[in-house]
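Colleague: Work the whole structure out from these sequences, hints included.
2 protein chains.
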Amino acid sequence: MSHSNPDRREFTKTLSAAIAAGMASGGFFSTAPSAKANATTNGKVGVALVGLGNLSTNQLAPALQKTKVMELRGIVTGTPAKADKWQQQYGIAKEHTYNYDNYDEIANDDAIDVIYVVLPNGMHPEYTIRAAKAGKHVLCEKPMANSSEECRQMIAACKDANRKLAIGYRCQFDPFHRRCIELAREQTFGKLKFIEAGFGFKIGDPNQWRLKSALAGGGALMDVGIYALQACRYLTGEEPLEITAQETKTDPVKFAEVDETITWSMKFPSGVSTSCMTTYGFNGINQFTGLCDNGWFGLDPAFSYAPPQPKSSNPSQAKLDLDPVDQFAAEMDAFARCVLHDEPSSVPGEEGLRDLVAIEAIYESIRTGKAVSLA
Amino acid sequence: MSHSNPDRREFTKTLSAAIAAGMASGGFFSTAPSAKANATTNGKVGVALVGLGNLSTNQLAPALQKTKVMELRGIVTGTPAKADKWQQQYGIAKEHTYNYDNYDEIANDDAIDVIYVVLPNGMHPEYTIRAAKAGKHVLCEKPMANSSEECRQMIAACKDANRKLAIGYRCQFDPFHRRCIELAREQTFGKLKFIEAGFGFKIGDPNQWRLKSALAGGGALMDVGIYALQACRYLTGEEPLEITAQETKTDPVKFAEVDETITWSMKFPSGVSTSCMTTYGFNGINQFTGLCDNGWFGLDPAFSYAPPQPKSSNPSQAKLDLDPVDQFAAEMDAFARCVLHDEPSSVPGEEGLRDLVAIEAIYESIRTGKAVSLA
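First to last, the sequence lines map onto chains P and S. FYI, in full-length UniProt numbering the residues of the first sequence are 1 to 375. FYI, in full-length UniProt numbering the residues of the second sequence are 1 to 375.
Don't read these hints as lab results, they were simulated from the structure. Keep in mind that the hints are not guaranteed to be accurate.
Which copy? The list can't say, so a pair holds if one copy fits it or any two copies do.
Unchecked claim - List of simulated lysine-lysine pairs, DSS-like, C-alpha gap at most 30 angstroms:
id, residue 1, residue 2
1, Lys-212, Lys-249
2, Lys-319, Lys-66
3, Lys-191, Lys-202
4, Lys-202, Lys-311
5, Lys-66, Lys-94
Modeller: Right under this line is the structure:
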């Protein structure tokens, strides 16, 4: 694509966005900052991935070959060899290729509407805030940050810049998870009473960033336990009132800086109680079950990159025999549509913040040996 | 069977017991009190069931038609109609039929070697202690009592009377559960790291004794949560070091006196951690899973009267394709053999006490909102 005529490009992009949005939101010719997309002439939203690790390489880039509204246009990487490879593999122009020294210059790159922050957790705040200051909308991987305080700073920065902020909660865009939310909310099996949810795996390389507190913020809980927490929150549609947690560490060398195995319980306002777990110590738990007055439903596995597998006391009633989708493509297209149509994200920064508030309560309960009230 | 010649009967019973025991334990002609059976001439151990409720009617009496070493000879019931029915159905002689007024006269009934206490939990201590004082060995249903203090009194009473005391932990005599214990202890899937265990059901009749604190001692935890607790204890072969628990009550009328839903976590000395739950509020959880370094195994359902169903990450390695047995028959025959051979029970009063110690810690954690140390 050509970017030789910035003025014209700016105009047509704005036009395109307005058309896509049905010109519903007004302010079309306004000079005030708008949350609308810098969508380019092809009607798509351009994204730059920041951090070309495993997730970007094996999940996001392939997913971006399937997205309908979001388009991979830029990369930010500190590794020149990766830059070369991605430029060739995905036809990314040199002018949309950045490193960590010139990252802020992305402000001048109108092809990039959205920055997807795929860095280690501890770097999310800085790169989100700088993205917002560069005038870009931000999609940030989970967990949003290492602390609720950082989440609040990120939300404020994006608000100040009038940019959208969403968190990479791919499961919330998956049809199996959506259907389970319906089953819970519509009380297909009667009132939801209990959720059992857990996600863990046996972590390998002892030198990876996920085991470093500064970069990861925490261990299994921050990385994968958050999926179980999310499941409890989106199935109930509520925030926990009380959290009780316990941690076990069997390898204090490998897990010197982060948590290994955590179990936690939560009470929700509607009376739902939950039993959750997460671990870096072993494989085998990757599921949630919603137990209701007259039956149960769930996914097992639930949180893998592979399609979820449904389970139910009554499969024909659960209607969970659905066609799988690429969750990352669905997540990214959803955010692209929010940007194009100037609509709020269903997984905004506030959603990431709510998880961090609960996660901090889990750590507090472990630290103090006491139930933590969030009421 | 005839009981016209007490002296001869006593002698042949003792002889029979000694033969069965391989005359290994000495004291054959000793006049000191012996823990040996009053086994009758047919070489079997006679049992009287105290309390002819659902469990006795639908599980124990049918199981006693299959037992090889224990024989149903007596009943204790406050309902004459039940007495008539059982006498006819099981050929129980009038002389071995008791009510709650003449219960202690069972001391003179040499056909009865064992009393199986199948009353509401709160009545276990009294009827166990009176059984021991009547010179009978005691098999007592779980939970052993409403408190650890009562357990200690029951143990002391049986010890003072030189009578054996065992708790009705039928799962410990089930081949599926035994095999799972082997898988854990022999580290077939590597070191055991985590146990997920839960058992609950939606309780019906709001007027039943299980919802009365004085009779039941507690709710779901005392009644069925104890199975999940047991599973954690027999899979690890250890006692919990720390317990953290949370309770949720959605129906404070029905569950005014007892617990409805409880989640709890335990840490064991070997580093195993557990996530457990129990409920009277809904159906659907009746399982345990043992997660190890290199795989997992479990039973789901695990604790029903119907045969357990195995599950594993590697079924051919787990070797859980076993033939089901009648768990109650196995449990009763095992105790009968202990009595006959004067051997210790694998599920003695002390085993029941250990569960009550853990259960009290669970209730304490709920009451105080704090982790409870048992170290």
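Colleague: Are the hints correct? Go through all of them and say.
Modeller: Hint-by-hint comparison with the structure:
no. : hint               : verdict
1   : Lys-212 to Lys-249 : within (15 angstroms within a copy, 40 angstroms between copies)
2   : Lys-319 to Lys-66  : within (26 angstroms within a copy, 44 angstroms between copies)
3   : Lys-191 to Lys-202 : between (35 angstroms within a copy, 13 angstroms between copies)
4   : Lys-202 to Lys-311 : both (24 angstroms within a copy, 20 angstroms between copies)
5   : Lys-66 to Lys-94   : within (23 angstroms within a copy, 81 angstroms between copies)
The structure agrees with every numbered hint stated previously.
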